[in-house]
Each structure stands twice: as structure tokens, then as C-alpha cells.
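A.B. asks: Residue-level listing of the chains:
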Amino acid sequence: MTTIPQGAEAVRDRTPTGTSSDDARPSLPPPLVWADDRLGVAKGMGLFKKVFPDHWSFLLGEIAMYSMIICLITGTFLTFWFVPSMGHVIYDGSYVPLKGVGMSEAYASTLDISFDIKGGLLIRQLHHWAALLFIVGIALHVARVFFTGAFRKPRELNWVIGTVLSLLAIIEGFAGYSLPDDLLSGTGIRAMNGFMSSAPVIGTYMTFFVFGGEFPGEAIIPRLYIAHVLLLPALLVGLFAVHIFLVFWHKHTQYPGPGRTNTNVVGFPLMPVYTAKAGGFFFIVFGITALISATVTINAVWAYGPYDPSQVTAGSQPDFYMWFSDGALRLLPGWLEFELWGFTWSFNIFLGSLLLLPLVWIILGVYPFIEKWVTGDNREHHLLDRPRNAPVRTAIGAAAISIYLVLAIATINDILAIKLHLSINDITVALRIAFFLLPVIVFMVTKRLCLSLQRADRDLVLHGTETGRIQRTPEGRFYEVHEDLDAHDRWHLVQHEAQHPLSLTAGPDTDEYGVAKPRGMAFKVRRALSEFYFRDRVDPVTPSELAAAHHHGEAEALPGGHAEAIEEARAEETLSLRSDDRH
Amino acid sequence: MSDDQIAVHDPHAKPATYVEADAVDRFENPGLPPHRPRRADVDEQAAKRAERQVATMFTLSILGTLGFLVCYFVVDPELRGSLLVIGEMNLYHLILGLTMAASLLFIGLGAVHWAKTLMPDTEVVEERHLQASDQESRDEAAGILSDGYRSAQLHRRPVLLLTAGGALSLFALPMALQVAGGLGPLPGDTLESTVWKRGMRLMIDPSGAPIRPEQVTQGSVIHVMPEGYVGDTHGEDAPSALEIMEAKATASVLLVKLNPEDIQSQKQLDWGVDGIVAYSKICTHVGCPVALYERQTHHLLCPCHQSTFDMTNDCEVIFGPAKRPLPQLPIMVENGYLVAADGFAEPVGPSYWERG
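Sequence lines, in order, name chains A and B.
Just so you know, we're using my numbering here: the first sequence kicks off at 1 and counts up by one.
Just so you know, we're using my numbering here: the second sequence kicks off at 1 and counts up by one.
Same shape as in the complex, but just chain A (with noise of 0.2 angstroms):
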């Protein structure tokens, strides 16, 4: 079928009228010209060419990005007017129920950086609300990279970078919600000092480097500002820098489909679909936050009062993010610290927070290369997979997140206690029963859900799609038609690759003579890991199965075996179906 352009298109593909006639050759305008005398910048606007590919999924790193940059930007506004200062002031502004009360400068500048500053809290919220986007974007692109295979080589070394900057978010994250200095996150500081403490050995040492003294002193809340707004934004975009680099570098990943191939990249380029699309979903960020902190109120510092190391509130949660975290710390029993040599063994604080943080991230930042160890796959993937196409990682994912959930809802077992009228005892007991359970049966159930998708998928292909139309054979029986699945259809749903564990492909333990071969122990770690990993699979239907199908298919379903007269029904069903196609 040819078309005939109208409308805009018809508009894109006439030489543009009406305006003079040199801009049928465009010229570089005069700045870009100065520009280019001196940098060489037109040799670098095939740039703007660069084919990105679209789906919703990649707009979860971008949220990240973007939540990032409006972070920078409020922050440094709010950087104008907070006092990084523990110094005793008395409270004399404009929220009256503190006023006469003793507190830090840095809580007194931020109350006023909410009351008498025009315009500050909405500041204050929107860098507040845009951290936690950041995160969470961040945790949704780290899932999409993850269940998709996108950290698989060449990109392993941006996977490591991308969870070293998740990391620093989450410190980043908690650096700034300890500053107000109010009594919620002097209560984090307060724990923090508990985790410091607990290291062996150096423990004591590293809170009293930290905190230049006993807590609660009066260094910590410079240090973490500095930190906060300097150090650690400072690591934090550099290595975004080189992340996104890299992203151009390998150029992006693109989910499976007719005419991708691992050697191309289908998409839009950058000028102008990218740009547009890009560009726009930026102020989409931005003004979704804005709406969000223009409405609903986040840290409301006022409400909690300045810190007092002597004073608590009930229902003390940190930021989401670290909730895992403080979770871990609530399931951890208390006999897990012991006395041995005469030195304190803090297990029970040392293990959710000082050897989780880096242990989870440790964890994380390795995946891609025990993976590839255990499959054996030393070769370039830039098509991405289906997540229940690769059904051991996938479930390992889900069952990762299981645990992540079962800490974080530990977090808040007191606010469920109430709100569900529980026993805090129960909750907790079945939460430190569900850390070890659940991660089994989530593993278990995901894996299965993957494994029967793909046997769909594997139905679809093999039977067609249901047409809706019956026939009659002529012996007075009936039948359903189905139809083949269009080629394009069809290719998502076969494009994959059959897997095979080492033990198929590296043969037996012995040669054709019976004698052994000289396997050492990690090679048979390798095959026990690659049989756990491929040991269940669904291969993708090959054309000889298809073709196999089309001559034995439905004829097994009916009794009786009139196979042949279907066929030939089924023939001159397909044939007048063609011809239908041709109209």
C-alpha cells in the first residue's frame, strides 16, 4: 500500500516555501560559525544524530537524572540561607510555638528557611521531595537494568559505577535529612553513633574522630553539611558524568524486536524527537514535584521540635530508604552480643548496619560477574531480555526484593502494631521468620511464573491465535480456526535464545577412553551453579516445531483422528485467509 503524504508529513517532505531560498542548503548560523572557528564544534553535531531507543522503562534512570539535577539546583538555593551550626541560639521568629526555645542555629536557620523566608519552604520541600525521587528512581532503574540483562557485558563496569552511585545517594540522602538538626533526625544521628560504636576494634575510635568528641558535640552537623553539599555531590555527579558517558559510548540497549538486532539500535535521534521528548520529560519532573511539594508537606521539622538527646517520639522512622536498614536492626535479637577476650561483640548492631550497607551493595556490584561465570557468556549483548525469558535471574531479583521488603516493613512494625492492633512481638517474630522464608518461596513462585509464561508464549507461537471462526469438517464435526501469528508478532515471542547448561556443553567428566578429565573444584561449582541456573528451561519454538505443529496441531485435540480432513480444511481456510490479506 503506498501512501500519499498529507498533513505534516506532506509538510516535513516538501522543501520548506515561503521563506527564502537558501534554506534549501542550510548554513551554519554566525555564533555557531564563531564557535566553530575556534572549538571544531560542527565536527561534533553528528552528536545530535544518535539514535536513542524508546520505552517506558528507560525513563526510570532518567526521573533519577533529573530528580538529581533539581536537587543542585534547590540546594544551592538553600545553601544561602542554612546555618551549618550546632551553636545555642534562642528561637525568636515567626513560628510561635518555639518561640524562647533553646536550639541549634541550624534548626533555627531552617525554621526560617519555612517561616520567614518567602517562598523557602516550597524550596525546602521540592529539594526534599526530589531527594526522594532520586531514590526511588534510582531503585527502579537499578531493577530495570537488573531483570532486563542490561549490566551484562560490555557493560559491567557502568552496572559497578551505577550501584557505587546509588550508595552515595542514599549516604547523600541521609547527610541532608540529619541537618535540620531537629529531633527526628538527631534521633538517626543518635543510632548512627550506636552503629559506629559497634564496629570491633575501631568502633569507639571512628564515632569519636566523627562526632570530634562524645555525642552529640557540636562538629557533626558542620561535617555532614559539608559532606552533604560538597564532598559527596561533588563524587556523585562526577561519576554520573562518566556513567552517562558511558551510556553514549556503548550507545543504549533496546528490548528485543523485529529489526533489532544485537548490532543495531532502532529508535529516534536525539535532534529533535530526543530533545522534545527528553527535554520535556525534565519540566514533566520538575513540575510533578513542584505539585507535589506545593500540596503535600514532607519533614515537617517545625512539628518535631529541636533535638534533645534525652527526648524521643514515638513511631521514629528515618527516610524511606533506610528503612532496610533500621529494619535489619529491629529483627536482630539481642544475644547476638557477647563478651569474648574482654571486648564488646555488637553482632547484633555490627550485622544490619555497618556490614549490610556495603555487604547488600558488595552483593550487587558483583551479580554481573558471577553471572556471566555461571553461564559462560563471554559475548556482547545489547538486546535486552525478557525478564521471564531468563527465569533464574529474574526470580533471584524477586526474591532479593523480598528481603529488602521484609526489612524495610520491619521499620515500621510499631506504626503496624497499632494500626493492625498486634502484638509488636508477633510482628516481629514472623518478620524474622519471613527474612529467611520468604526470599525461598518468592525465588520459587517467580521462577515458575517466568517458566509458564514462556510455555504461553511457546503455546501462542505454536497454536495461532483463536479467530473466532468455526468450521465444519464434512463429517458434521467442528473446529475452531486458528491463525498463525504476523511474522512481527511472532519474532518477540521467539527471538530469544536456547540455553543450555555446562553440563551439556562442556560433556561428561571422562573422555571417549574413560579417562578423566582434569577438572578441578571450581569447575564443578561452575557446572552445580550453571545446573541451578538453566536447569529448568523453555526453549524458544525453532520453524521446525512450528511447522510440526501446523501438520499434527489441532488433529490431536479431537477424538476420533480425522486428522487429514481437517488439514485439508484448515489448508483451504489458510489459503482463503491469504487471499483475504491481499485486498
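Mixed in with the good hints there might be a few duds.
One-sided and incomplete, this derived list gives chain B residues near chain A with beta-carbon spacing under 8 angstroms [claimed, not checked]:
no. : residue
1   : 86
2   : 242
3   : 353
Note that these hints are calculated values from the structure, not bench results.
Where a beta carbon is used, it is the ideal one built from N, C-alpha and C, also for glycine.
Position chain B against the provided structure of chain A, taking the given hints into account.
C.D. replies: The following block gives chain B in isolation, referenced to the frame of chain A:
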């Protein structure tokens, strides 16, 4: 056979029967599906409509920006009001936020709508190439490195490599030592004691009044600070704001009167006065103040991580992540007021390595 060669999907792997069978018996990639024009591509009316929609959104953004500028000056910053769903709030903040949101959001929505309706939607194919360089480039790179190494004579003078490496790996130590050494004082025995001393009066926090034993009624909980660290702290030798904060973080105490018959520990009875007992308020887990007292069960609960202490059994831990009981402050009566009979017998607050 090295590990890399057993690559599962590597067509050169041995035995390769499965893999090769796959490689042959696979569907062909059918190529890009035919392009389907959008309404605005084939219908000038629709294209016009899309143009109007985009222009309207950009106009709304301009209105939002102008609205923000006007409201910033015109609206009273103290303006409050009650709104459906949201409730009582500062309307100035709300108006600024909403106008800013409109200003930003409509730029984004306009741009995306523009891209989706009027900009080309024909997908473009760009080739990509293996990341690895070809062997020639690799050899050349190896040559450059090797030339550098040899022309610096490192292959003949390994001692230069060793000493240069040593110097480079050590030079940052003085800087690191300076910063680490200057960050804070050494802990020493700071954590082992608090400001409590024998004879120091127990003062109600925050009023700063001393406490007579008969004031403490059965079942009541009093938050106590040491004398001089609470109430009017403006005298000559009064502690600084910093010292008061540190005292609050270590020396705050909960005073409770229990029925002496309920108390299970002789030491607890001996260190109290007629069932009035004083315990450190600082949790032995990570140092939050243990603030929730349940009168019926005599349980003390830390709101941070739910460590639960049994008041009638010397504040032993009965649930939660803490290990050690809350330390008890020995008290007695002097001139009719409750005073400390001594400081704490053990360090208060969270566990630490040297605590032993």
C-alpha cells in the same frame, strides 16, 4: 580447555551439536514492521489540532510563570486556609507551588506532545560495532606501552619502579594522618562515666526542681537530670550548652516508684529508696532515649527499635535487639531530697568495643 572456551553459546564450543542445531533452526528476524502513519501525518485537520494543543500548553506555562511572579508579591505570606482533602495549610506556599508546577509541567507536556504528534515517528536504524578494538589497534597500543616502558629504562632499572611505586603509594599518608589525627580527641575513658556523683540531687526535667521521695507516687515516671544541668543554668560555674547536651545524652535518668514486693532483684531494692528506683534513660542498643513506660506490665520500651526492658527485674531485656539491661543509678535520701548514692556502676548507652 580454559574456562572462556566453554562459553555456552559460543559456536566454537565443544561439543557443539546443541548449539549448532539452534543456530540453524531459528526464526529469521523479519525486519522492521511497516510504518503506520499517525492521524496528524495524514490529516491536516489533526495536525492543526495538535499544533493548537501544543501552543496552548506552552501558553499555560507562560501564564503559570507570570502567576508565580504576581503571587510572590501580591499574596500575603501568612495567608492560611482550609482546603478539601489537604486540610488547613499555608495558602501562599500552595499558590507559589501550583503556579511553579504549571510553569514547568506545561513546558514538558507541550514538548512531549509535540514530539509525539508532529515530529517524525519513523524509526531510525543506527549500526553498532563491537566494543573491542581490532588486533592491529591492540598491537599498536601494546607497542606504545612497551616503548614507554623501555625508553624510560624501567626494564633495566627495576629499582626505579619499586621506589617510585613505594613513594607514590605512601605520599598521601601525611595528609591522611593530619586529617584523621585532627578530627577528634581520643576516647580515653570518657564513655565509662557520666556526670553523676555521690550526693548530686535528682532534678525534675525540665523544671529543675529537687524531688522528695513522698512526691513520687506509685506508678508515676519522672524524667530526671543531674543537679546543675537542668532548669536555671545561668550561674557562674554553670555548664555550657554543649556540656548540657552531652549530659542529656548520657546522664538522663528515669525515676519510677514500684511496689517493693514486685521487685525481683535484691540489688535493685538496695539501690533504690522504698521502691523508688532510678535507671539510665539511654538505651543499651544504639542510644535512643527509652521513653515508653507501660504502667500495668512495668515494661520500658525504646521507640527506636523496640527493645523492651522489665522494670521489676532490674531492667533486663525481655524483647528486642538490645542485649544488656539499663544501668541502675543508686539513690538515697539526703536532707529530705533524693540524691545519687554514687555514679553509675557501669558505662551507660550503646555497646562499644572496649566496654568489655
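A.B. asks: Using Cβ atoms only, decide whether residue 242 of chain B comes closer than 8 angstroms to chain A, and label the hint accordingly.
C.D. replies: Status holds, d = 6 angstroms.
A.B. asks: Are residue 86 of chain B and chain A close enough, Cβ to Cβ, to be under 8 angstroms, as the hint says?
C.D. replies: 6 angstroms, holds
A.B. asks: Taking the closest Cβ pair, is residue 353 of chain B under 8 angstroms from chain A?
C.D. replies: Status holds, d = 5 angstroms.
The structure agrees with every numbered hint stated previously.
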